[in-house]
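Protein chains: 4
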Amino acid sequence: MAYEFKAIRRVEFSETDMAGIVHYSNFFRYMEIAEHGFFRELGYSVVMNHFEPPVGWPRVHAECEYRQPLRFEDEVEIHMLVSEKKSKSLSYIFKFRKLNATIPMDIARGSLTVVCVVKQADGRMAAAHIPKAFADKIDVAPAELLT
Amino acid sequence: MAYEFKAIRRVEFSETDMAGIVHYSNFFRYMEIAEHGFFRELGYSVVMNHFEPPVGWPRVHAECEYRQPLRFEDEVEIHMLVSEKKSKSLSYIFKFRKLNATIPMDIARGSLTVVCVVKQADGRMAAAHIPKAFADKIDVAPAELLT
Amino acid sequence: MAYEFKAIRRVEFSETDMAGIVHYSNFFRYMEIAEHGFFRELGYSVVMNHFEPPVGWPRVHAECEYRQPLRFEDEVEIHMLVSEKKSKSLSYIFKFRKLNATIPMDIARGSLTVVCVVKQADGRMAAAHIPKAFADKIDVAPAELLT
Amino acid sequence: MAYEFKAIRRVEFSETDMAGIVHYSNFFRYMEIAEHGFFRELGYSVVMNHFEPPVGWPRVHAECEYRQPLRFEDEVEIHMLVSEKKSKSLSYIFKFRKLNATIPMDIARGSLTVVCVVKQADGRMAAAHIPKAFADKIDVAPAELLT
Numbered sequence: 712m713a714y715e716f717k718a719i720r721r722v723e724f725s726e727t728d729m730a731g732i733v734h735y736s737n738f739f740r741y742m743e744i745a746e747h748g749f750f751r752e753l754g755y756s757v758v759m760n761h762f763e764p765p766v767g768w769p770r771v772h773a774e775c776e777y778r779q780p781l782r783f784e785d786e787v788e789i790h791m792l793v794s795e796k797k798s799k800s801l802s803y804i805f806k807f808r809k810l811n812a813t814i815p816m817d818i819a820r821g822s823l824t825v826v827c828v829v830k831q832a833d834g835r836m837a838a839a840h841i842p843k844a845f846a847d848k849i850d851v852a853p854a855e856l857l858t
Numbered sequence: 712m713a714y715e716f717k718a719i720r721r722v723e724f725s726e727t728d729m730a731g732i733v734h735y736s737n738f739f740r741y742m743e744i745a746e747h748g749f750f751r752e753l754g755y756s757v758v759m760n761h762f763e764p765p766v767g768w769p770r771v772h773a774e775c776e777y778r779q780p781l782r783f784e785d786e787v788e789i790h791m792l793v794s795e796k797k798s799k800s801l802s803y804i805f806k807f808r809k810l811n812a813t814i815p816m817d818i819a820r821g822s823l824t825v826v827c828v829v830k831q832a833d834g835r836m837a838a839a840h841i842p843k844a845f846a847d848k849i850d851v852a853p854a855e856l857l858t
Numbered sequence: 712m713a714y715e716f717k718a719i720r721r722v723e724f725s726e727t728d729m730a731g732i733v734h735y736s737n738f739f740r741y742m743e744i745a746e747h748g749f750f751r752e753l754g755y756s757v758v759m760n761h762f763e764p765p766v767g768w769p770r771v772h773a774e775c776e777y778r779q780p781l782r783f784e785d786e787v788e789i790h791m792l793v794s795e796k797k798s799k800s801l802s803y804i805f806k807f808r809k810l811n812a813t814i815p816m817d818i819a820r821g822s823l824t825v826v827c828v829v830k831q832a833d834g835r836m837a838a839a840h841i842p843k844a845f846a847d848k849i850d851v852a853p854a855e856l857l858t
Numbered sequence: 712m713a714y715e716f717k718a719i720r721r722v723e724f725s726e727t728d729m730a731g732i733v734h735y736s737n738f739f740r741y742m743e744i745a746e747h748g749f750f751r752e753l754g755y756s757v758v759m760n761h762f763e764p765p766v767g768w769p770r771v772h773a774e775c776e777y778r779q780p781l782r783f784e785d786e787v788e789i790h791m792l793v794s795e796k797k798s799k800s801l802s803y804i805f806k807f808r809k810l811n812a813t814i815p816m817d818i819a820r821g822s823l824t825v826v827c828v829v830k831q832a833d834g835r836m837a838a839a840h841i842p843k844a845f846a847d848k849i850d851v852a853p854a855e856l857l858t
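Chains as they are written, first to last, in my numbering: chain A, 712 to 858; chain B, 712 to 858; chain C, 712 to 858; chain D, 712 to 858.
To be clear, the hints were calculated from the coordinates, so they are not data collected in a lab.
As the structure is a prediction and not an experimental result, all values here were calculated from the model.
Any given hint might turn out to be false.
If chains are identical, the list can't say which one is meant, so a pair holds when it fits in one copy or spans any two.
[As the list claims (entries may be wrong)] In the BS3-like style, the derived pairs of lysine-lysine whose C-alpha atoms are separated by at most 27 Å in a straight line are:
1. 830 x 809
2. 799 x 717
3. 717 x 809
4. 717 x 797
5. 717 x 848
6. 717 x 843
7. 830 x 848
8. 830 x 799
9. 809 x 797
10. 797 x 830
Please build the complete structure, drawing on both the sequences and the hints.
Structure, rendered in structure tokens:
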């Protein structure tokens, strides 16, 4: 069972804004990159079309606290940890660290809650149980890592 | 004194993702559009280069709760309200409503805290008092609107 | 019959990059905004799901020549003109003008070719005739406007 | 002397659109990623602030021809080749290949022309000679690779 994933990314020019730093909305794109890497490492894609019915993972809550800016060509580690596992939803926290510093530097802290959904006959989404084969591979991270 | 602003926006194709809905990170871009419209309405730009020293407004906290999806060509109203005003920071909440529905529909709820900063001699940012001329124009919204 | 559309847009903060100007990739998002406005004005959406079979409009060629930069809060007019109409494809040119200048200023010139496609039984896209009801509403712009 | 660079990238969820494929504007972001990797490999950043005066590289022409779609989690190789080297500008072509296919598949072909500029006293950009130390490291790719 797995409860964490680390993605590393170099900041791209198009992700900066005129203030010279990464636009704050891009931290939410970074969070997903770590989440999707976590899914792949478990042998899955966040696009779960092979289940019957197909399963989706819309986001219901997202949050980020920004401590230090990220700049062009910085190397950032996005450390994802599963913070909660319910029958129909998952929550993660994300620790952003800038690696290209004398001492890796705390940059930001994020969180995300996603719900497992299936498409109903009328086209609307309804919350559904996380497919067992997938849920069985996921664990909640130890409390001391979630602080 | 002002405490709110409403921006209206039509969802663009490039803002959707393969799930057929607006990518969740774009709600944070929408929030800024309302904030910057609020600043303009007060006669200012969020890029306050005319102050001496120049003032910037980095985001320190951002949050969004998603209730219903937005789709291509939906018309969304982003209703920004000032929820807190401190000497060096402002907080807002955002109510997202889909207008092209029989009854305007609650889509999402967001919040943002921004800090007033000036660039120091060493190039780093330091929190600073909000310029008085600007602060004097801003009020906190009545409590009943912030629920 | 129609051959042009003008969209106006204010440059958003998230569209700028650390050079202080609109990132060049965003001009291609601006082009689409004008194209989709053109479709809507004719009573259609670029998402033509009501046709049987549903019709899509992938881009096969895109080009932009940049003459002057656009900056935050600039007002830009995107003037789209149909430059070619074939049985299965459309081509447009786009003239970008900055409106908040003493004299509206030529900023950029773009072009786009899109193909009408339907999804085949095997899931792949195949070029298809533009639905007649839609094609009948579209004309090529006079040559003197396309220079 | 160097004339090429290959970057590899996995398609991210936020880069797809409701058609289920990578939004066409993102190919221009991918092009830059390869260009900036090329600069770094030569010991430089596209942000050349250490030159006196500082040098910038605005784009003056961009083009892309799309042959096959890219989808979520596809692995794409962006092969950049220097196609022209002038005293004040560089041109590149880009070959996009999807790697996660039985045989790597041709996806798209792009091109970009960038100009070396310095900021003048009045704040405007003016074309300038490419700094010699940098220019000396760059060669034009052999003709047979540019077809």
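Hint check against the structure, violated hint numbers in rising order: 9
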